[in-house]
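Position chain B relative to chain A; hints supplied.
First to last, the sequence lines map onto chains A and B. In this text, residue positions in the first sequence follow my numbering: the first is 1, and each later residue adds one. In this text, residue positions in the second sequence follow my numbering: the first is 1001, and each later residue adds one.
Because the hints were derived from the structure by calculation, they are not lab data. It cannot be assumed that every hint is accurate.
Heads up, simulated BS3-like pairs for lysine-lysine below, C-alpha to C-alpha not over 27 angstroms straight-line [as the list claims (entries may be wrong)]:
| no. | chain 1 | residue 1 | chain 2 | residue 2 |
| --- | --- | --- | --- | --- |
| 1 | B | Lys-1315 | B | Lys-1026 |
| 2 | A | Lys-179 | A | Lys-3 |
| 3 | A | Lys-179 | A | Lys-193 |
| 4 | B | Lys-1475 | A | Lys-163 |
| 5 | B | Lys-1475 | A | Lys-24 |
| 6 | A | Lys-163 | A | Lys-3 |
| 7 | A | Lys-325 | A | Lys-179 |
| 8 | A | Lys-24 | A | Lys-215 |
| 9 | B | Lys-1475 | A | Lys-223 |
Only part of the chain A face toward chain B is listed, based on derived beta-carbon distances under 10 angstroms [as the list claims (entries may be wrong)]:
| no. | residue |
| --- | --- |
| 10 | Ser-81 |
| 11 | Arg-85 |
| 12 | Gln-92 |
| 13 | Tyr-94 |
| 14 | Ala-131 |
| 15 | His-162 |
Positions of the beta carbon are idealized from the N, C-alpha and C atoms, including for glycine.
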Amino acid sequence: MLKVSHLERTYPAQPGGVAVQALKSVSLSVEQGDIFSLLGPSGCGKTTMLQCIAGLETPDAGRIVIGSQTVYSRDERTQVSASERGLGMVFQSYAIWPHMSVAENVAFPLLQRGRNPGREQIAQRVNDALAMVELAGYGNRSATQLSGGQQQRVALARALIHKPRLLLLDEPLSNLDAKLRDTMRTELRQLIKSIGITAVFVTHDQVEAMGISDKVALMCAGKVVQVGTSRDIYLNPHTAFAADFMGSSNLIPCVISDMGGERAIATTPFGQIRARAAAGLRSGDEAILVIRPNAPIVDARPANAQDDAAQVTGNVASVAFLGEKIEVQVRLPRGCNLVTMMNTFDAPAEGQEIRLTLPAERCIIVHRDNAAVSTAGDVKLAEVAA
Amino acid sequence: MMADVSADQPSGTARWAFLGSPRLIKIALLTVVATLVLGPVIVLLRASLAPPDVLPFETSIFTLDNFRQIFAGNDTVNLLTTTIAYAAGSVLLGVGAAALVAWLTERTDMPGATAIRIFLFSWMAVPPLVIGFGWVLLINPGNGALNVFARSAFGLTSPPFTIYSFWSLIIITAFSVLPTAYVMLGGLFSNMDPQLESAGQVHGGRSFTVMRRITLPLLIPGILSVSIFMVMIVVQAFEIPFVVGLSAQIRVLSTRVYLLASPTTGIPNYGLSSAFGVCLLGLACLLMGVYFRCVGTGEKYRVVTGKAFRPRRQKLGVWRVPVTCLVFALFGIMVLPVLMILWTSFMASYQVPSLSALATLSLDNYSRALASPFARQAIFNTLILVLASATIVMLLGSLIAWFSVRDRGPAVRILDILAFAPTAIPPVVMVIAILLVYIRTPVYGTIWILVLSSVTVQLAFATRTMTSALTQLHKELGDAATVCGAGWWTSFRRITLPLLRVQFMSGWLFVAAHTSRDLTIPLVLMTSSNVVLASAIWMMWDFPDLPGAAAMAVLLVIGLLAVVLPVQILANRGRRDA
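So that you can see chain A by itself, here it is in the shape it has in the complex (with noise of 0.2 angstroms):
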């Protein structure tokens, strides 16, 4: 449905400031029907993509085509207009016009470009355009008189009255309050899903990311890091800095000795660990150990060690209470820290010795990131260097 191939963009440099590469050789392939997520930290490029496809930022290199229509192409210096390219979008700030009422608003996309379907037809499809997103009968209000919840709602009707073949939305949860932003982000799934349109969605918050896409594409420093469903990138993880955006981990820098199969066994200050390896890596290689809050299995008592897994022997060193769970940062030897998650019924003391079994199918080794990933990532590989 959507095709973005090698798009590269740089915004050149403002008096006083340096050139920006915000896309690298991006190139992306979104199905008919899915909800597509671009997904990374503020400054990632993903706003720019977003907007090279809508049509509003023009790239210094690429092809885009929506359907079969090239929309972009450098090499055949096509470029189609955004007003033509057939889009809807839902803006961060929703961008719902002021001036007009709510019912203008959603018939807006209706009169453009010498379309005019006549009053009738343009009632009714405000209404039923009104009523999918359970807005009926608010038609006449001001647009300023709405809440934000509602703002949102008005700009999604608006955005899907004329049938585009692709719906971009640009963080459209951000501005909500949390517990609305929660209930929204599942309507607005089930509401996508059921009119079957393709969607592009961006947004910097991984949870919001996992509960809403079908396919999601991590980006960082103008470049897509990975792509697949939210499980699948969490669960094997390429790299440290896809590791740590998608949920949350201890990474520990290691060393791979022993590559076999799918396992392989890495070096770490508090010993060695069978794990998983990612695509890539081979023995020797400098990488990191994945280890997942929710992937040990926490034991007081000596266990018998099994075929599959490592165990490791810390102390408590501090116990975090985050009502349904704790979590609890594990003293390792060699100075290194373990985070973990328990159940708040099981919470141990302070100083208490602990045992945790790594199974080697929860734990993952990745490649490392080159200088320019997170600073986040940096920090923690930091602190557990220390």
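Just chain B now, with coordinates in the frame of chain A:
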């Protein structure tokens, strides 16, 4: 719902769509603005290098004679020192008074602050021409009303006041500087974060110390930049020096430029006039440079917006009543000349206000004025001039603003600079340059050349107003229309302009008021067929038909106040609600 996708997809490009492409509009804008602004400037430079007595198109000779003549004698040095002393003196008085009044209305508990604010905002609309005439009637040494009163009251033999002195000119100009300076300073005073002062007090400063060490230093840059701006305005100003200064033989650069181009006797010397114009332009550019150095280039588009603070108000205590009386007395003096004009407009022939003359009040002048085809023509022309130029310049300004905010590129930089340039070009110089450009074309002599000149002169203001308005408008509002399928024009017409309608309307009003009260443009370009109210008043005054001129002046002032006053009252209500 996906089934009928194809039905709704855009079906080919409309035939004239290319006309709406932003690139084409940008090129058209650049051409229009360059013609408006650069054309006159180039012709002015050419004329200043041409021999006297010929039009710049009719010669191929380049000569520095005009400049040689200017810098030959002491005359020019005198002219420059007079101009600077005049500007500095009136700005010192005017801005000083304005700062005091601004502090009183914004930062103290003086009563009547809202009334003062409305009065000063509206008073900006009163034509300087009318105020100048009013002062002539009030304090001319022969039969000025104040002089007559003073003589009979105190038994003086010689008149205590005279309009024909340098000081009178400065004081009258200071009164006209006051409202504008107040408007600029008021925002500065009320938008100052009171926490800065509170911090001073909490850390042990007493009221007076806080004021001296914190409030004043914080305000100094603002007051200074307003002062420089006002010096720029006064150096460029033409009407008051023309009405008041000429009889007093006080010549400043702006009147000199005019007199050389339109002498009362003899033939116009466009060469010398242009050369003086170039000098005045240089002086204005210099002041502009100082102004920007002072406020920083980044503040070019800054308007007083930002967070609305509720500033701490100083209690005046025992000073409250005397200070209030003093301020209202000041405004009494400001209103006096207009009252004098009002009085004269009811007289069959001019006479000093007195109880005995009350019986002779009549509306004859008004019926006479409204009956004459001359006056009707003037009113009709004024309406065309005001409606056309305000609408055109605001639309032009909005378009330029859109490109300068949303589309940055080298072409837009040039557009930006060109649109801003008229600020530095004194209107009198600009108009003479426009005269030189169009004198041989059919446009000359019609009302449309006045429209063209007003558009050029007001372009910078319109662009600045709309630019600052547009920067506050979220970009996504326009993007949303584009993604919905709206072309550039539709998006501009249906989304951008309606969202900026408040700023557009207030800018429109400002331009309309300034265009209708302005004498410079109509006077320089005057022919028998394009007389407007301002030039009609001047002609009748010069004729002389003082009561007739007064009646026309009153009509103009009433017309202006009728538009401006309600808007100011509404704006003030909005301000209080906010």
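We went through each hint and held it up to the structure:
Taking the CA atoms of Lys-1315 (chain B) and Lys-1026 (chain B), the gap is near 54 angstroms; set against the 27 angstroms cutoff, the hint is violated. A threshold of 27 angstroms between alpha carbons decides the hint, and for Lys-179 (chain A) with Lys-3 (chain A) the separation of about 35 angstroms lies outside it, so the pair is violated. Using a Cα cut-off of 27 angstroms, the hinted pair Lys-179 (chain A) and Lys-193 (chain A) holds, with the two alpha carbons roughly 22 angstroms apart. Our distance criterion of 27 angstroms between C-alpha atoms is met by Lys-1475 (chain B) and Lys-163 (chain A), whose separation comes to about 24 angstroms.
Taking the CA atoms of Lys-1475 (chain B) and Lys-24 (chain A), the gap is about 25 angstroms. The hint holds against a cut of 27 angstroms. Taken as a hint, the Lys-163 (chain A) and Lys-3 (chain A) pair is honoured in the structure, with Cα atoms around 20 angstroms apart against an allowance of 27 angstroms. Distance hint between Lys-325 (chain A) and Lys-179 (chain A) is fulfilled; the C-alpha atoms sit about 20 angstroms from each other, no more than 27 angstroms. Among the hinted pairs, Lys-24 (chain A) with Lys-215 (chain A) is consistent with the structure: their alpha-carbon atoms are about 21 angstroms apart, no more than 27 angstroms.
The straight-line distance between the Cα atoms of Lys-1475 (chain B) and Lys-223 (chain A) is roughly 26 angstroms, inside the 27 angstroms bound, and the hint therefore holds. Of the supplied interface hints, the one on Ser-81 (chain A) holds, with its beta-carbon coming within about 8 angstroms of a beta-carbon of chain B, less than 10 angstroms. Interface hint status for Arg-85 (chain A): upheld, as the beta-carbon distance to the closest one in chain B is roughly 8 angstroms, under 10 angstroms. At its closest, the beta carbon of Gln-92 (chain A) sits 7 angstroms from a beta carbon of chain B; the interface hint therefore holds under the 10 angstroms criterion.
Contact between Tyr-94 (chain A) and chain B, as hinted, is supported at the beta carbon level, the nearest pair being about 8 angstroms apart and thus within 10 angstroms. Because the smallest distance between the Cβ of Ala-131 (chain A) and any Cβ of chain B comes to about 13 angstroms, over 10 angstroms, the interface hint for this residue is violated. Taking 10 angstroms as the C-beta contact cut-off toward chain B, the hint placing His-162 (chain A) at the interface holds, the least distance being around 5 angstroms.
Of the numbered hints listed earlier, those contradicted by the structure are 1, 2, 14.
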